[in-house]
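Given only the sequences and the hints, what does the whole structure look like? Please build it.
Here's the letter readout for the chains.
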Amino acid sequence: MANVLINAPKTARRGETIELKALILHPMETGFRPGANGTIIPRNIIQDFTASWNGVEIFRMRMSPAIAANPYVSFCAVASESGVVRLRWSGDNGFAVEESVTVTVT
Amino acid sequence: MTVLATRRRFIAGAAVVTLLPLDAARATPETLAAAIRAVTGDAPLRPGRVALDIPPLVENGNAVPLTVTVESPMTAADHVTAIHVFNEKNPQPHVFDARLGPRNGRALVRTRIKLADTQKVVAVAETSDGAFWSAGADVIVTIAACVEDPT
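Same order as they appear, the protein sequences are chains A and B. End of the first sequence sits at 106 in the working numbering; the numbers just go up one at a time, nothing left out. End of the second sequence sits at 151 in the working numbering; the numbers just go up one at a time, nothing left out.
Hints in this document: simulated from the structure, not taken from any laboratory. The model shown is predicted, which means the values in this text are computed figures rather than measured ones. Each residue gets a CB set at the ideal place from its N, CA and C atoms; glycine is no exception. Be aware that a few hints might be false.
Unchecked claim - Distance windows between CB atoms, simulated:
{"hint": "1", "chain 1": "B", "residue 1": "Arg46", "chain 2": "A", "residue 2": "Gly94", "range": "38 to 48 angstroms"}
{"hint": "2", "chain 1": "B", "residue 1": "Val39", "chain 2": "A", "residue 2": "Thr106", "range": "33 to 43 angstroms"}
{"hint": "3", "chain 1": "A", "residue 1": "Arg13", "chain 2": "B", "residue 2": "Ala76", "range": "19 to 29 angstroms"}
{"hint": "4", "chain 1": "A", "residue 1": "Glu57", "chain 2": "B", "residue 2": "Val39", "range": "33 to 43 angstroms"}
{"hint": "5", "chain 1": "B", "residue 1": "Ala76", "chain 2": "A", "residue 2": "Gly38", "range": "35 to 45 angstroms"}
{"hint": "6", "chain 1": "A", "residue 1": "Val105", "chain 2": "B", "residue 2": "Ile140", "range": "37 to 47 angstroms"}
Here you go:
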């Protein structure tokens, strides 16, 4: 279920700004479209995406149905110290996925 | 005569029924303005500092790449606290809002969005001094998103 791709540099110089890219498989069903039998397909989206660096939240994004299916999000972070970047997606129907990557600061 | 009249009434009624939900479920320039107002409050919305990078012509509205960058030193004293993106003609005016801080180093958000029609997209950035900056872009969409179930 949890199909996640995270692209982050393995190492970074101290104080360098790095770009983190994350992609997750999710239909992002809008709740506005009629399905095969004419009834509206119920909404099923990711509502929240958060990123934390060693437990400190550095980025948060609230999504609406207008985010494309398989949401891709990219943002920047200052490599302050070596640590774990934890990414978390949560949404409708109890959807919750957590993935983390390790960045070594030299 | 009565048969014809009821048939006409039925067709007229059916036309209204099929047209109404489509019109009612669309964001409009007014709802776009209202959504932006809900974020900015009474603060003035100034053009500039925000760069909204989105293709001017897209073939498929289901996944339109979008990049928002804001000119900011991103220090503890002067940084971007939030980036909001709105649209004009999707069912809802809201696209996303991202919360940033000095830990980001650079005020940048990239994602992919759905566009239901040829329309205007607006990005609003909130800075730590409480100011709001914005940029807009017009996008021509040839195949709209959210029209039918692709399966």
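> For this structure, which hints from the list above don't hold up?
Replying inline: 4 and 5
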